[in-house]
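Visitor: So the protein sequences, as listed, match chains C and D.
The numbers in the first sequence follow this note's numbering, run straight up by one, and end at 605.
The numbers in the second sequence follow this note's numbering, run straight up by one, and end at 238.
It is worth saying that the hints were derived from the structure and are not from the lab.
Note that beta-carbon positions come from the ideal geometry of N, C-alpha and C, so glycine has one too.
Be a bit skeptical, because a hint or two may be false.
Calculated pairs, DMTMM-like style, for lysine to aspartate or glutamate (alpha carbon to alpha carbon, straight line, at most 20 Å) [as the list claims (entries may be wrong)]: (1) C:K88 - D:E42; (2) C:K92 - D:D228; (3) C:K132 - C:D109.
Far from chain C, some chain D residues (derived; all Cβ distances over 10 Å) [as the list claims (entries may be wrong)]: (4) R76; (5) A126; (6) R167; (7) R224.
Per label pair, the in silico range of CB-to-CB distance [to be verified]: (8) C:D95 - D:T186: 19 to 29 Å; (9) C:K163 - D:Y118: 45 to 55 Å; (10) C:Q34 - D:G154: 22 to 32 Å.
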Amino acid sequence: MNEKTDPTEFPQAVPVPKKRMRLSVVWFIPLVAAVVALGIAVQAYLSKGPTITIIFKSAEGIEAGKTHVKYKDINIGQVSAVGLSEDYSKIEVTAKIDKRAEPLIVKDSKFWVMRPQVTLSGVSGIGTLLSGNYIGIEPGKSKEKKLKFIGLEVPPVITVDQPGREFVLHADDLGSLSIGSPVYYRRLNVGQVIAYGLGKDEKSFDIEVFVNSPYDKFVQSDTRFWQESGIDLSLGANGLTVRTQSLLSVLIGGVAFEMPPDAAESEPAAANAGFKLYSDRTAAFAVKEKEIQRYVLYPQESLRGLSVGAPVSFLGLQVGEVTEVGIEFNPAAFTLRPRVEIEVYPRRFVAHLSDAATAARRPRTPEERHAFWQRLVDRGLRAQLQSQNILTGQLFIAFEYFPDAPKARIDWAKQPPVVPVMPGGLASIQDKVTTILTKVEKLPLDDISRDLKKVLETLDLTLQDVNKMVVRVDGEVVPDVKKTLGTLDQALQNADKMLVRVDGEVVPEVKKTLEDLQKSVTSAQRVLANTDAALLGPDAPAQQDLRDALQEITRAAREFRVLADYLERHPETLIRGKAQEKP
Amino acid sequence: MKPGPRTAAEAGLVLCEICGLLSRPANPEEPGHCPRCDGELAFRRHHSIQRTWALIVAAAICYLPANVLPVMTTSGLGGADEETIMGGVMLLYTTGSWPLALIVLIASVMIPLAKLIALAYLLITVQRGSIRNNRERARLYRLVEFVGRWSMLDVFVDTFTVALIQLQPLMAVLPGPGVLFFASVVVLTMLAAETFDPRLIWDSSTERTTQNE
């Protein structure tokens, strides 16, 4: 078969243009975008720290997505959700903490909500006014991790890294203390109150204080703590003494501590050691009595104003105090009588005795002591309720001598022994006052007032009459007076006229008479000149007689003056005659 | 099916996209340059579908951080607040101005997303050679192109605020990383809309009619 084939008989191959599977450069863009986005995602995942849950009582000021968690004012996380706890009683705050802050979230870390706080001791969290509240954290020291916390309601005062020590004070009441109240050592602020709560016995308070280093070493086993009210007023023989702490403690109070002056230096107390918190400085430093004797009194008067702790004094010096005030029931006689129990500190007596030798001779055995007391009672020593303060009616027990008191014996068999009592001074004063009041009551006050009223009425009437009379005088007499005055005026005018006439008619005649008189005088002068010669010559007898007479008269005059003087001093002699001089 | 009008490519002619001159190509493989304006000629835009896809994918990737990361950090006296776009929407809504919230939500969240979906839809239909709803798809494309420029509003607001509010230390506004991604989304979708050749929408129908003949 030699058959030529026509190439056209073969099917034509289909030319297929080569598809260039070329990736465009433009794909680089999504690649870059993907890498960047992925990078951000990875970074976000890596920087994601723990998510913690904190339980608070209230969500006040906490907002999901807004509220931050801050440590030393640095953001370390953010609240991501706020919700109620399962039993709806609390708030659960979920917060995301940054990776870098993860080491801070340990078992004993503390969380609290930082709010603006204005207290007397200072202002804190002012920044939160603008930024909103935030959650504060105080990292713990534990290594253990934890993701669920119970938040504190109040920010803790002390941060962990502050050197110093905590102590626990036991007090009957909290006083004006609160968290942040200052702690003073010799008036220097060296710490603060960091917490308080009821003690284990639920009767007293346990107050935790933090004392900064280095002052914490002054807290030793003997150190006394007391509540510092700020002002300490005392009225003594020297006048008023005012001791104040700083102004701050005057306002907010605080705790002060000091060593008693006579205490020996010892080791600093251990951290968290317990101390008693006294109510004031005096109480804190009061000497603890080592020797105590108990006695009972049965006063006969009312015990109003006598309280436990009232002083027992011996001749004005305090030697003990009242420990019990009550009423004793005697079932046999079916009587009730007041009963007062007192403590007496014999050491105080010794302390008051100045002489050491006398002090050494004080009674030691019970028998000696009994005899000693009995001798005092024999001399008239009695207990008496006396008034401390007449205004408030406070009473105290005084031991004083009443020599006239009836005889008494102390029965030492009874425990505690009974001390004889003298009815109180206050009771007698009350009696007197009552008597006076009774007398006053008896006064016929009603009668007196009635009489007084009558008198006043009469006086009123009289005054009215007088008034009437004056009016009448005014109406009737005054016109007459006026008339009289007119007549007087006329008379005066007449007198004036007459005087003028006298001037004209009488004066010339008088002149003539005077001239005649002049003449007579001149002749008389002449006569006298002659007489002069007769009488006043040196050897004139008349002269001599006259001088004798004059001397006589002078003597008489002197006598008379003596008499006059005497009469002046003793005018009664005119009547009674001159008194005979007493021998 | 009713055949569409003849296209320039069918007639062996090429249209300059810049000056609009219809000319004969130098050769079918490489049409050469426009005799009038010297712009490069192409029957269809080069690798239009592939490029558009790339840009859309990139935009989609950026869309996520744009909405998750904060766009703005306001630091006041007490601390700093970081705001995301959705956070801003929620803030506006909760403070009572819901119309504003709606505007921001539509302009900043929904429109970029809608653009991405619309472009993806156009690309898929073109690749599958769909011939239906040509006019609607063309309208959609015009809409996407028109809306693109307005999406930058957010970025402008952000930059203005950052530039104006610098009252240190009382208050300061700083841009967040989210705004960068947001701007990328907008720019990428705009570019994607630009790269997409709308003439591809009709090409399929022309091919179909040619095959049917």
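Visitor: Mind checking the alpha carbons of K88 (chain C) and E42 (chain D) for me, to see if they're no more than 20 Å apart?
Guide: 53 Å, violated
Visitor: Could you let me know if the closest chain C CB is still more than 10 Å away from the CB of R224 (chain D)?
Guide: With a cut-off of 10 Å, R224 (chain D) remains clear of chain C, as the shortest Cβ separation is near 19 Å.
Visitor: Minimum C-beta separation from R167 (chain D) to chain C exceeding 10 Å: can you confirm that?
Guide: At about 23 Å from chain C, R167 (chain D) clears the 10 Å cut-off, so the statement holds.
Visitor: Is the straight-line distance between the alpha-carbon of K92 (chain C) and that of D228 (chain D) 20 Å or less?
Guide: Not OK: K92 (chain C) and D228 (chain D) at ~63 Å, beyond 20 Å, violated.
Visitor: Regarding D95 (chain C) and T186 (chain D), is the given constraint of 19 to 29 Å on their beta-carbon distance met?
Guide: 27 Å, holds
Visitor: For a C-alpha distance cap of 20 Å, please report whether K132 (chain C) and D109 (chain C) respect it.
Guide: Distance ~23 Å between K132 (chain C) and D109 (chain C) Cα, so the pair is violated.
Visitor: Okay, Q34 (chain C) versus G154 (chain D) on CB: inside 22 to 32 Å?
Guide: Holds - the Cβ-Cβ distance for Q34 (chain C) and G154 (chain D), about 27 Å, lies within 22 to 32 Å.
Visitor: Does the beta carbon distance between K163 (chain C) and Y118 (chain D) stay inside 45 to 55 Å, or does it fall outside?
Guide: 46 Å, holds
Visitor: Taking 10 Å as the cut and beta carbons as the points, is A126 (chain D) off the interface with chain C?
Guide: 17 Å, holds
Visitor: Should the label of R76 (chain D) as a non-interface residue stand, given a Cβ cut-off of 10 Å to chain C?
Guide: About 4 Å separates R76 (chain D) from the closest Cβ of chain C, which leaves it inside 10 Å; violated.
Of the hints listed earlier, those the structure fails to meet are numbers 1, 2, 3 and 4, in rising order.
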